[in-house]
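Construct all of the structure, not just a fragment, from the sequences and the given hints.
Quick note: the sequence shown uses the numbering used here, first residue 1, plus one each step.
These aren't lab readings, by the way, just hints derived from the structure by calculation. Bear in mind the structure is a predicted one, so any value in this text is a computation, not a measurement. The beta carbon of each residue, even a glycine, is placed where N, CA and C say it ideally should be. It cannot be assumed that every hint is accurate.
Said to hold, decoys possible - The following label-pair restraints were derived from C-beta to C-beta distances:
# : residue 1 : residue 2 : range
1 : Lys137    : Asn103    : 21 to 31 Å
2 : Pro134    : Glu29     : 18 to 28 Å
3 : Ser89     : Lys137    : 33 to 43 Å
4 : Thr81     : Asn104    : 36 to 46 Å
5 : Glu2      : Asn103    : 23 to 33 Å
6 : Ala46     : Met1      : 37 to 47 Å
Unchecked claim - Restricting the straight-line Cα-Cα distance to at most 30 Å, the calculated cross-link-like pairs of lysine-lysine (DSBU-like) are:
#  : residue 1 : residue 2
7  : Lys137    : Lys56
8  : Lys139    : Lys98
9  : Lys56     : Lys139
10 : Lys102    : Lys56
11 : Lys98     : Lys56
12 : Lys119    : Lys102
13 : Lys98     : Lys137
14 : Lys137    : Lys102
15 : Lys98     : Lys132
16 : Lys139    : Lys102
17 : Lys132    : Lys56
18 : Lys119    : Lys56
19 : Lys119    : Lys98
20 : Lys102    : Lys132
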Amino acid sequence: MEQHYRQLESMYQAAPINAFYQPVMVVTEGQADISIQTDERHHHSAGGMHGSVYFKMLDDAAWFACNSLESDVFVLTTSFTTYITRPISEGNITAIGKVVNKNNSQWIAESILYNEEGKELARGNGIFVRSKVPLEKAKGYGQSLACLKK
Numbered sequence: 001m002e003q004h005y006r007q008l009e010s011m012y013q014a015a016p017i018n019a020f021y022q023p024v025m026v027v028t029e030g031q032a033d034i035s036i037q038t039d040e041r042h043h044h045s046a047g048g049m050h051g052s053v054y055f056k057m058l059d060d061a062a063w064f065a066c067n068s069l070e071s072d073v074f075v076l077t078t079s080f081t082t083y084i085t086r087p088i089s090e091g092n093i094t095a096i097g098k099v100v101n102k103n104n105s106q107w108i109a110e111s112i113l114y115n116e117e118g119k120e121l122a123r124g125n126g127i128f129v130r131s132k133v134p135l136e137k138a139k140g141y142g143q144s145l146a147c148l149k150k
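Encoded structure:
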């Protein structure tokens with residue numbers, strides 16, 4: 001499974017959207033931890049971090065926690081609820097996603113977003129299902145992180 005976790009990390013780095021966010025992710029069994037450095041590029045017009053960043057971090061962490069338990073196909077988010085509990089404007093943020101329930105047709109995962117002092121910024125939960133897309137067809141899944149950085 002370690003190889004699967006590393007390939008998920010490579011796939012995440014290969015996603016074009018992540019060229020903007022420049023996240024760092026570690027996947028383990030049923031869990032994913034993702035960190036980014038926020039700055040004014042992530043702001044709404046009032047100077048705080050835009051809600052889309054909260055959502056992305058929470059959904060991505062929960063999603064990868066689920067896909068850590070599925071090694072054949074790409075997982076899909078079918079619903080995700082986000083609760084923003086504290087504003088932030090800059091600094092390192094980390095989302096920790098964990099699978100809390102799994103059955104034959106879906107996973108339920110929760111994630112919490114923290115600032116660099118360990119204070120909760122947001123939390124979310126979602127339902128995820130298997131798709132029909134094989135993981136090996138996902139950009140970056142079959143590559144190592146070293147190959148992507150070249």
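Against the structure shown, which of the earlier numbered hints fail to hold, in ascending order?
Checked against the structure, the only hint that fails is number 4, while the rest are satisfied.
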